[in-house]
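Starting from the structure of chain A, add chain B where the hints point.
Number of protein chains: 2
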Amino acid sequence: MPSTQLTFNDREQHRSWLSNQATLPRGFRVGTHRFAFTPIEAPKPAKMTLTLIALDAPTPDFAAVFTRNAFPGAPIVVGRQRLDEPTLGAIVINNKISNVCAPGGTATAERVCAAAATALNLRSAQILPSSTGVIGWSLPADAMIAALPDAAAALQADSILPAAEGIVTTDLYPKIRSRALGAGRLVGIAKGAGMIEPNLATMLVYILTDIAVPRAELRAMLKRAVDESFNRISIDSDTSTSDTVALVSSGKITDVAPAEFESALHQICRDLAEDVVRNGEGVRHVIRVATTGAPDARLATQIGKAVVNAPLFKCAVAGNDPNVGRLVQAIGRYLGNLPSPIDTSAMRLTIGGIEIFAEGVFKLDPTKEIALTQHLQQAELYVSQPTAEGAFVPPIDFPPHERCVEIGIELGLGNDAAVVIGGDLTHEYVTENADYRS
Amino acid sequence: MPSTQLTFNDREQHRSWLSNQATLPRGFRVGTHRFAFTPIEAPKPAKMTLTLIALDAPTPDFAAVFTRNAFPGAPIVVGRQRLDEPTLGAIVINNKISNVCAPGGTATAERVCAAAATALNLRSAQILPSSTGVIGWSLPADAMIAALPDAAAALQADSILPAAEGIVTTDLYPKIRSRALGAGRLVGIAKGAGMIEPNLATMLVYILTDIAVPRAELRAMLKRAVDESFNRISIDSDTSTSDTVALVSSGKITDVAPAEFESALHQICRDLAEDVVRNGEGVRHVIRVATTGAPDARLATQIGKAVVNAPLFKCAVAGNDPNVGRLVQAIGRYLGNLPSPIDTSAMRLTIGGIEIFAEGVFKLDPTKEIALTQHLQQAELYVSQPTAEGAFVPPIDFPPHERCVEIGIELGLGNDAAVVIGGDLTHEYVTENADYRS
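Residue numbers (our numbering), protein chains in the order written: chain A, 45 to 482; chain B, 45 to 482.
For reference, chain A alone in the conformation it holds in the complex:
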């Protein structure tokens, strides 16, 4: 499933690989600016990065999918309206505060768009706003508007890396994936580490291309790619109020076949989705669940989600404990809630390729137990170690490898399949989230 099997020894090696991925497609410029401000609701100094992604010329060919959360952020409300606009000229993104259900939030988002339009010589309606961070607080609009000229002054046409770095919150490292196709290229960046179980879209993802694809096709392709990538991951089963995936074409390159473009788009989305999980809050093991033999892809996806969202199984994986009973519990919980039962007599389960369940019963022995433990250990990203104060903080800010805990679920009921990716549940997740705002 992943297009790569990368390993990195240290931060520098990883950043150097990211830099090589980061070349911008033709027709785009990126600039960021970081500044200090004081939130209204919790008067304590904070810092925010403003990121601008600008097109050299407004384009009609842009697509976006947004969160399904019933309390979407103001940028989502505005963004949905932007889909009806004839052209897009720029995206303005801030981290730290997500502008969700804050009093006057939509007006504030529009004020920021208007200021960005002035700085970039565009109309407000040509700006897509995005915000991520604390839910409930108000955007510091004045400070953002004051910072916009500096972000515009920083615009450059070489690298998307500043944007990949500018949009992060609790991420440990930036995430970039790219692909050259004919004379053009696609490059995508992702932000997101917690509150990740996307529905229809996810976290903040921006994919830029200079390959010409008409708006309607671009939007259909994005929806299909998101369904098979970001909609099949979960870090903590929480669906963000700000999830956004945007895909923008500058239309400069016209020699790439649509099927080739769509295939590259799918791969970039799958790779970024896995990157998001690997960098997920507290994730020490990436868990990949391949469900096969399903009557339909939806059931296969839901079974995979049931496994990667089961806290007890996630904790067992964190402890390199092959607790197969919790895997069966998780599948059985989901299947037991279906309106009509499905036949489980042909179900076969593997972990790391080792059969652990078939013909309705467990297939376990002490030798398998050792091999299963080793499989979990080889997928561990780092060893958990508390600080002197008892806090659990990841000791690395790069992905050392791309190995996963591989779960196989063969249902024996049909020909559909789905791969779902999630993470374990660790002390690092609790440390990160038990007092995120302070």
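Take these hints with a grain of salt, some might be off.
Note that the list lumps identical chains together, so a pair holds whenever it fits in one copy or between two copies.
Stated by the list, open to error - Mimicking DSBU-like on lysine-lysine, the simulated pairs with C-alpha atoms at most 35 Å apart in a straight line are:
#, residue 1, residue 2
1, LYS267, LYS140
2, LYS88, LYS140
3, LYS267, LYS296
4, LYS140, LYS91
5, LYS88, LYS412
6, LYS412, LYS296
Don't read these hints as lab results, they were simulated from the structure.
Structure of chain B alone, referenced to chain A:
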């Protein structure tokens, strides 16, 4: 909602209160025996307690509800058959191994029933088996059968406390609730601390009464009581493969009105359900979500479940952090997944009675923030403190108080309501579950 507002200063005070609750109704005897054995799948010495609950005379008036997990344990398979039997004579319960999908598991359960029947002068089909513990391992039938005469020899008619202690696994303390009614009484015990989001039934719960209620009425009453109690709690959203709630009447007391009995049964179920959450794995705050103004009780229940199962909100509560954004996210995630949207414009949220959201926007200020933090602090059961080795272990084995984090969700859409109870997500939960079996 709770019938009590108890506080305990230490283990002795709690045990003394439990002893006072524990008087057995007429017509029942209880005996336990603890013994050592070696599991087949992981050859390391372990200990198991066998618990017998016996009736002086077999009764036709018994009821039980079981887990909906699609991979139920062998005792559940056998237990469902027992519901068709004319009478019940005894319950035989073991902890440590749950006998789920183990090769030959049903035959093993029946062997244990047969041996219990011999010891108690009953027929096998008059014995209800129950098992809880590790999923996937096989029951040590020979060792259990050898231990049965000792459990039978320990039978006594005074107290249910030995059974409440005998059935536990990761529970920190036994759970007993009782109520006197006329000349009779109900007494219930519960086991369960993890893998708790019951569906139709939950964990192991046994409620005994000497009040005469005919079988059909008893079963209908139990279903209604379970729906409003155990089906409205969640510790970790994991549904056990062994959930069982059994209610048995010895029929000795005939002067209690059915409505009075049912009301007491509901209260005992609600109290035991809250006891299970308060003693839940790693729970440091009990979260009570009261959803009102709902168009139906199911929606109210599901919204409550969405809140108590949202990992980010649970972590925030663990850290005494009133992260109201995560509360709105959790509600919005659930509502966003409904097939048709519901009107949220009248939604009003409170924490500890303090309004935090109304008219579509947050109602926050620094003063409220302090009050909200204090509300979370007063509901904390103990302060988290790692051991020298970095493990997080609860420092108490009794419930110091019955205070909750009180969440109010007024939907303004109807007249139905539901109270759902859950816990926070803590380092203590991860420590408990990252290496449960070793």
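Evaluated hints:
no.: 1; hint: LYS267 x LYS140; verdict: within (28 Å within a copy, 48 Å between copies)
no.: 2; hint: LYS88 x LYS140; verdict: within (13 Å within a copy, 50 Å between copies)
no.: 3; hint: LYS267 x LYS296; verdict: within (23 Å within a copy, 66 Å between copies)
no.: 4; hint: LYS140 x LYS91; verdict: within (7 Å within a copy, 51 Å between copies)
no.: 5; hint: LYS88 x LYS412; verdict: between (54 Å within a copy, 16 Å between copies)
no.: 6; hint: LYS412 x LYS296; verdict: neither (55 Å within a copy, 54 Å between copies)
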